[in-house]
Structure formats: structure tokens, C-alpha cells
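Here the structure of chain A is known, so what remains is to put chain B in place on it, guided by the hints.
Taken in sequence, the protein lines are chains A and B.
Under my numbering, residues 1 to 82 are what the first sequence spells out, in order.
Under my numbering, residues 1 to 441 are what the second sequence spells out, in order.
Honestly, I wouldn't trust all of these hints.
Unchecked claim - No farther apart than 20 Å at their CA atoms in a straight line, the calculated lysine to aspartate or glutamate pairs in the DMTMM-like style are these:
no., chain 1, residue 1, chain 2, residue 2
1, B, Lys390, B, Asp416
2, B, Lys161, B, Asp259
3, B, Lys153, A, Asp19
4, B, Lys101, B, Glu430
5, B, Lys153, A, Asp3
Everything labelled a hint here was simulated from the structure, so no lab data went into it.
What follows is each chain in one-letter form.
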Amino acid sequence: MADVLTLSIDGRSVRVPIDTTVAAAVIIAGQFAFRQSVSGQSRGPLCGMGICFECRVTIDGQEHQRSCQIRCREGMEVRTDG
Amino acid sequence: MVEVASFDVLVIGAGPAGLAAACVAAEGGQRVGVVDDNFSPGGQIWRGQAVGKSKTAWLDRMIGKTGIQPNRDALASYWLARTSKSDISWFPSARIVTAPKPGHLLAENADGAVSFQYQKLILATGARELFLPFPGWTLPNVMGAGGLQAMAKGGLPIDGKRIVVAGTGPLLLVVAAYLRKHGAIVPVVAEQASAWSLTQFGAGLSREPGKLAQAFALRSQLRGVPFLTYTWPTMVATDGGSLRVTLSQRGEPRDVTCDYLACGFGLVPNLELPRLLGCGVIEDAVLVDDWQETTVTSVYCVGEPTGVGGVDKAVLEGQVAGYAATGQRDRAETLFGKRDAAQRFVGHLNRAFALQPELRQIVTPDTILCRCEDVTYGRLQGYSSWRAAKLHTRCGMGPCQGRICGAALHALFGWDDDSARPPVFPSTLETLAGDVATERI
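Chain A with its partners taken away, still in its complex shape (with noise of 0.2 Å):
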């Protein structure tokens, strides 16, 4: 099926629908946790519009990404920290 993509978060292969942002894509693959804060809390998207950075993750090795802000490609790499 051409609208549908596949994935890697954190290892695990996920399907997805083509236009789906990565950060929707990472709780798709039951990732509630994006990343760790400086004091060791769990966080994940507030704003949803590439604000407030809760939501970054490493994509194909390049870290502090703004997962909200970007759409899923065929054979992503996508890393959380949570």
C-alpha cells in the first residue's frame, strides 16, 4: 500500500499513514516518553508546533530534532531518550 510507511523507533519497525509527523508516529509505537529533562523526568510533546522542544528525538543520527515539526519517510531511523 503506497499510503503507508514504514519506520524504526527506538529498534521496533512501526507502520504508519503517509503524512504522519514523527512525534504522532513515536506514541504510535507506544512511546509516551520523547526524551529525559536535566533533572531526569520523563517528557513528551506539549505545544505540537515546534515550540517548546519537549518533543525532540534523534532522526537518522542527528540529534535534537523537532519530531512535531517533521513528517515520517520511508526507512526513518528514530531515536527517543525517554
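Leaving out everything else, chain B in the frame of chain A:
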């Protein structure tokens, strides 16, 4: 690698105000560029709206003749379609980071840096949500009201999820209706404003047929959803796999369990870029003249940064600026009446949804205010200004650069941060170095 792009009119922001400005400027034959942080146009309110094709011709005639927009979605598809027919250069997923000199802006996208040059600049930077801290607001699955809607539009599954919607403003109803339409269960909408001020607001709407129609439509979409006034969250905690939200309902505590809490206390304008450019700002609104021109010559400002007032105001201001910036003042002037009426709505909104003073007491000493640096409310006691608190606690010095805690600090302490220093957005050294390199060429 620095890409250089030069325009007669450069528009920052592709929400309703920015798109309207860009359309009318481009239709006047000018070279127009639009820069936006998102990957698709529409801003926050028109996020994920499809471009209407067949509807455009009759909508065009109807809106042209009557000035009446049939509904929110029709207005979105009208402007998105009009944009797609205009000759506009589109720079998605790009953030402005510095303004190296007048007439120049430096942006960053996934491919590197873009150096923009412009004759006229139109700032349509929109607004973000105001978050008031309370115990548990930093937990995963607690999001903004608009924030959760944006996530859902980005593919977050909400079918069958229980979502408490809380905070203040017309956005709560829009979000609750959207969530419900997409299969979510909304056990309660908690509005902090009192029933009395909402009644006053409703009475004011009777002078605005379009807005009144929208309000009735929302009300029917929300039939069966308890709408509580003078009610707000005071605490949220994890409860197994769910969240347990404690609401203060007219002073009485009441617990509700849910999968997500969608909570936003209204909107605050994005003023970082206008401030960086030196535009005059008074009481959280960029100062503009009748033509939407700021105190900086050739820099215009439209939409929420000139006063949070919603989509109708944004579209009208956008058109006025687009015409004025391209030498079509006569056409801009024809919109003054409607624009001024839309601007008066700002005052109604502010009065109806003014924050209750009790909301300053839902924060506790252990509550984190600055989520980037994990600075608690308790640690901020005893400082006289945000600047002093920053130096000692790093409050507001993380990646969001105070965009989230700043408005809360204003609400809780009355602190302001009227400075904006480059880069206004976290940026790579390559981008900043690239800018220096282009200077030398």
C-alpha cells in the same frame, strides 16, 4: 552552503494573515517569498486543511460580493486555493535565526542556511498557547489544547481516547469539537472564565452574525459534553496508564480520569522576530499604523502579533499589508472598515476570557516553571526580574529560549523580557558562519 533569495516582498509566516498578505502582493505582480517553520502552509488554525478546488470559483464570488465567509473551513480552502494559484516562492520548514542588517534575514532549513533579501517585509508570526504551570503539567500526555489538536492533525490516534479539554478561550470549543468529530470522548470542557463574562461575550457576538453562527455550530457539535465555567485544573497525576486530573469546579475539587489533558490558557503572540528587528511593542502587541506598517520603515506586521483576535482579523490585516506594501493603498483602504471592526473583537475577547486571579495560585513551590532547565517556582522566589532570575537559575535559557515559561512568568510575577537577541531560534554554527561567509563575497 548558503542559498541567497531576493524578493520585493518577504512574508514570515504562512498562517491566515501571511497567506492573505502574500496572495494580494503576488497578484499585484511583485516577487513574493513566504517562509514558514511548518512543512505545509496554513499556520496553526488551517493546519491540515485540504486545498478546495471545485468550490473556489463560487466561494470567490460569494466572498467578493458579500464579504461573508460561509464558515471557517471554507475560508481556509479559499485562501489556500488562492495561494496555490499565485506565483509565490515557498520556503517551508525554515526558521528565521538572525537579522544581520536592514533588508536581510538569515534562515535555516534542513539543507542549511538561506540568506533572504527584501524590499518590504511582512511579519505574520502568529501566536502560541499560554501555559500556566500546575503540579503535573510536565507529564507526558499533558499537552496544549491547540497542541493536542495539532498532534491529532499530524496523525496522533484519538479515536476512543478520553481527553479532558481545559483552560480558556474560544479555542477550547473548537478543539473539543474537533476531537469529538474524530472519535475522542471529551468527558468535560473546563473553562476558567465565569458564566457571567461568557454571557456578556455571547451578547456581544449578536453583532457579529458570522461568529454567532460558528458559536451555534460548535454548541451543537458539543451536545452532551459538560461545559464547566469558573473551572480549571489544579493537579494532574499518572494513574496506571491514565491521567487523573483534579479540577477546581467553582472552588470544589473534582477528579476526572483521561488519556490526555489538552490545556491552554489562551494565546500569546510570537514577538521574538518583531522585537529583534526593533519594532515598537506595547502591551504585547506590535505597534502598527493604518497600513499595518510597524515603527520600522518597510516592515509590516499582521495577525496575532498586533493583538490576538483570530482568523478574520488576521486575513483582513494581511490583505491591507499586502496591498500597502505593493503600492496599492487605494485597495488597502477599502478594507479599513471591516478590518477595524475585526480589531474591536480583540477587546471583547480579552475582557471575556481574562484570567481569574486564583489561577496564580495553582502553582506550588515544587512545580517546574522552566521545562528546559527544570527550574521550580520555589527557586524563583526573591528575584526582582527575569534577568536576575536567569543569571542565577538559568530559567528561560534552554532551547525554547523562554517561549514557554516567559508568558507564565509574566502572569505569575509580572516579569517581562523585552529583549530579543540573535539567534532568535537555536541554530547551527554552520548557518551563522555561512552568514559571515556571504558577507565577505
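Going through the hints against the structure:
The hinted pair formed by Lys390/B and Asp416/B meets the criterion: a straight-line CA distance of about 12 Å does not exceed 20 Å. Annotation: proposed proximity of Lys161/B to Asp259/B holds, straight-line Cα distance about 6 Å (limit 20 Å). Simply put, Lys153/B and Asp19/A have alpha-carbon atoms about 9 Å apart, close enough for the 20 Å limit, and the pair holds. Proposed proximity of Lys101/B and Glu430/B is supported: the alpha carbons are some 19 Å apart, at most 20 Å.
A C-alpha spacing of about 16 Å is found between Lys153/B and Asp3/A, which places the hinted pair at or below 20 Å, so the restraint holds.
The structure meets every hint from the earlier list without exception.
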